[in-house]
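J.: Now for the letters of each chain:
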Amino acid sequence: MAEISKYVTLISNDGFEFVVLREAVLISPMIKSMIDSKSEDLFPFREARLSGRCNFEEISQPCSSGQVMEKVVEYFHYWYKNCEKEDVPDMDIPAELCLELLVAADFLGLDSKNLSRPRGD
Amino acid sequence: MADEPTLPPLPSVSWDSGSQSFTRKRVRGANNAPPLFSNSSDPAVFSSDDDPNVENYAQGGRQRKKRYVGSWFQQHPASGDSAFGDEVRPKPTTKRTLQRQSDSGVWMGSDISTDMEDVGMEIGLTANPKLPQLNVSRPVAVPSPAEREAHRRIIEAIDLGKENLDLTSLGLERLSDAVLSSLGELSCIPLVTDGVPFEHKDPVLKVFLSGNPLIRAPGALFNLEFLSVLSLRNTQMAELPPVIGKLRNLKTVNVSLTRLRYLPAELLDLMTYEGKLKELIVHPNPFHQPDQRHEYGTLFPVLSDEPEDIVILHETDGSGAYDGKTVRAWLDRRDRLKGVKESPGCANLPLEIWQMLLAARSPIQFTDSRGVRVSQFTLPSLPTEDDVPPLVVETEDFASSPALPRAARETNTAAATFSRVPSLMEIALRACSRTAQREQLPGYLEGSDPHHLADTLHDLNAQADANGNMGTVPCSTCRKQVVKPLAQWIEWWDLGIVALRDKEPIGSANASELDKKQSVPFMKRACSWGCLPKPAPYGTSFPGTVKFSTVPKPDS
Numbered sequence: 000m001a002e003i004s005k006y007v008t009l010i011s012n013d014g015f016e017f018v019v020l021r022e023a024v025l026i027s028p029m030i031k032s033m034i035d036s037k038s039e040d041l042f043p044f045r046e047a048r049l050s051g052r053c054n055f056e057e058i059s060q061p062c063s064s065g066q067v068m069e070k071v072v073e074y075f076h077y078w079y080k081n082c083e084k085e086d087v088p089d090m091d092i093p094a095e096l097c098l099e100l101l102v103a104a105d106f107l108g109l110d111s112k113n114l115s116r117p118r119g120d
Numbered sequence: 000m001a002d003e004p005t006l007p008p009l010p011s012v013s014w015d016s017g018s019q020s021f022t023r024k025r026v027r028g029a030n031n032a033p034p035l036f037s038n039s040s041d042p043a044v045f046s047s048d049d050d051p052n053v054e055n056y057a058q059g060g061r062q063r064k065k066r067y068v069g070s071w072f073q074q075h076p077a078s079g080d081s082a083f084g085d086e087v088r089p090k091p092t093t094k095r096t097l098q099r100q101s102d103s104g105v106w107m108g109s110d111i112s113t114d115m116e117d118v119g120m121e122i123g124l125t126a127n128p129k130l131p132q133l134n135v136s137r138p139v140a141v142p143s144p145a146e147r148e149a150h151r152r153i154i155e156a157i158d159l160g161k162e163n164l165d166l167t168s169l170g171l172e173r174l175s176d177a178v179l180s181s182l183g184e185l186s187c188i189p190l191v192t193d194g195v196p197f198e199h200k201d202p203v204l205k206v207f208l209s210g211n212p213l214i215r216a217p218g219a220l221f222n223l224e225f226l227s228v229l230s231l232r233n234t235q236m237a238e239l240p241p242v243i244g245k246l247r248n249l250k251t252v253n254v255s256l257t258r259l260r261y262l263p264a265e266l267l268d269l270m271t272y273e274g275k276l277k278e279l280i281v282h283p284n285p286f287h288q289p290d291q292r293h294e295y296g297t298l299f300p301v302l303s304d305e306p307e308d309i310v311i312l313h314e315t316d317g318s319g320a321y322d323g324k325t326v327r328a329w330l331d332r333r334d335r336l337k338g339v340k341e342s343p344g345c346a347n348l349p350l351e352i353w354q355m356l357l358a359a360r361s362p363i364q365f366t367d368s369r370g371v372r373v374s375q376f377t378l379p380s381l382p383t384e385d386d387v388p389p390l391v392v393e394t395e396d397f398a399s400s401p402a403l404p405r406a407a408r409e410t411n412t413a414a415a416t417f418s419r420v421p422s423l424m425e426i427a428l429r430a431c432s433r434t435a436q437r438e439q440l441p442g443y444l445e446g447s448d449p450h451h452l453a454d455t456l457h458d459l460n461a462q463a464d465a466n467g468n469m470g471t472v473p474c475s476t477c478r479k480q481v482v483k484p485l486a487q488w489i490e491w492w493d494l495g496i497v498a499l500r501d502k503e504p505i506g507s508a509n510a511s512e513l514d515k516k517q518s519v520p521f522m523k524r525a526c527s528w529g530c531l532p533k534p535a536p537y538g539t540s541f542p543g544t545v546k547f548s549t550v551p552k553p554d555s
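Chains A and B, in that order, are what the protein sequence lines are. Using numbering that gives the first Met the number 0, the first residue of the first sequence is number 0, and each one after it goes up by one. Using numbering that gives the first Met the number 0, the first residue of the second sequence is number 0, and each one after it goes up by one.
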């Protein structure tokens, strides 16, 4: 297997591609199971694991649109930047996206019980 | 009444083929009587049968009922047909020229001229609205008589500038926000005397709600910034909302004889050196009891590692009590107190200050961002029945690190640092709690969305209703507002208020106030893994409260 890239590409259902740090997206158990080499070899994710591309195109809900995914990616980096800081600034999300982000967070497993994992794993 | 007044002749109606409608010509009555029916705002003509005297009707050859013109408060008989001779006649009106104001836009009955044809006017308006949803009557919250009485007293207090609001024993089961929020407008009537400059005086509100079967504290209460005395004694409250921490001017709180199982930890913050809260009446209540409590021994320990940067509030020399040792009352500057004087030892006495010592801590209940419990330990739920005896709650040693849920233990190594970053779901929920349509949000979810999210949003609304319309609760460690705290636990604190007076030695008499028999449980919560309680040594006192220590004699 080729050397694992430092970055992962997330593709939204309207075709936007986001290149995110692999370390940052690993806090989502959902994405982790898609790309992590340690996870079991589930068939639909084999491609994602090899290419480092996570395709959310089949999920036609608004929660995987580019607009929402942009905020999700912002959160990944917000977490990556602040996870070891004492004083964490607030991340602001617009009110009109709050429900879509709630569904997206539920889907990606971005729950407080999963955030206890220290960085680097 | 031999013959009835004759009706005016019917208008002559003719079909107008040009406009495909009936037209009619109005003919003025011969005696120039005002038209019987008028669709305008002309002066009304009243007919009264108040005095059915025959003389009112018998006049000359033509028998007519007595008529009045003018406004209702200033009526005059219509014409000279009155039986009274000496009445004040209406002033003869100046002759009006029938002239239309071209720009008035108002059609008056008197504007019509004989040769003007009015095309079929429709007079009747349908009373029922055409929109179907307006016909559906919505349930309207009808205030109970007790609530109306409370409202009357609140209005009276605002009108008179009274700062004491006595709503005791009215039988109030609920008190709507609309009624209570107007109290925020109360302002004092300043005492104006000669030579004294006018000064704005903030009101010192005192609200007494004792003796009412209130199930929860009314939410608008916690927006009354100047509330200084709050009595909720003898009510049916099961929880005091954390939003009470907003009331920084509270001096006295009485919550005895309720169904409270614990108090919000936000009350502790009001009891620090800067806080004004000096009187807290909490017993008797069916508080949770710890199964085991820590005894901290002497109240005046000899501290080997007393911090350098302290504020000495009071010091007794070694002459009197305590075997010649110096007893000190001090504050720790590391507690980030803002109101403390810069130079140590110059506190303004006399001073009443709280002493608080940690007695016990329950294990921590962990929940995920949806509020689903993930830990073994569960805090007892709020009682639903009326008389449940105080429950005994399991405790753990607060001098060691709290026990973590199994999932977190597995993923954490010993060197792992806990992050303080909230989860994305928590951030989204905070945004939900801030929106104006918070109550409608569960309905906006799509059918394909997971059902548990709707439950989470319903929980958010219930929490906001109980917490004075604040969907978020503060984290006990970092004070950030959080919707679904990651962890919750109960801490039992021994409370006592200490009176420090100048030239009076600190002795056991001052500290005997500390109520060791009945520790008070406070509910604390943490927003993230980084805010979990740290191991606390025995005898830990709350930040910002007085600490005692003894200093041995220098020569010993």
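Any given hint could be a false lead.
[Unchecked claim] Cross-link-like lysine-lysine pairs, in silico, DSS-like; alpha carbons within 27 Å at most: (1) A/Lys80 with B/Lys200; (2) B/Lys200 with A/Lys84; (3) B/Lys479 with A/Lys84; (4) A/Lys80 with B/Lys479.
[To be verified] What the simulated footprint calls covered on chain A by chain B, stretch by stretch (three residues with Cβ under 8 Å from a Cβ of chain B suffice, anywhere in the stretch; the number is not a length): (5) 15-21; (6) 65-77.
Calculated directly from the structure, the hints in this document are not laboratory data. Fair warning: this is a prediction, and the values are worked out from it, not measured in the lab. The C-beta atom is built at its ideal place from N, Cα and C for all residues, glycine as well.
J.: All hints are to be evaluated individually against the structure, with a verdict given for each.
T.: So, going through the hints one by one against the coordinates:
1. Between the alpha carbons of A/Lys80 and B/Lys200 the distance comes to roughly 48 Å, so the proposed pair goes past 27 Å and is violated.
2. Using a Cα cut-off of 27 Å, the hinted pair B/Lys200 and A/Lys84 is violated, with the two alpha carbons roughly 44 Å apart.
3. Between the alpha carbons of B/Lys479 and A/Lys84 the distance comes to roughly 15 Å, so the proposed pair stays at or under 27 Å and holds.
4. As the CA atoms of A/Lys80 and B/Lys479 are separated by approximately 19 Å, the hinted pair is consistent with the 27 Å bound.
5. Residues of the segment 15-21 of chain A lying with their CB closer than 8 Å to a CB of chain B number 0, which falls below the three-residue condition for coverage.
6. With 3 residues having a Cβ less than 8 Å from any Cβ of chain B, the segment 65-77 of chain A passes the three-residue criterion, so the hint holds.
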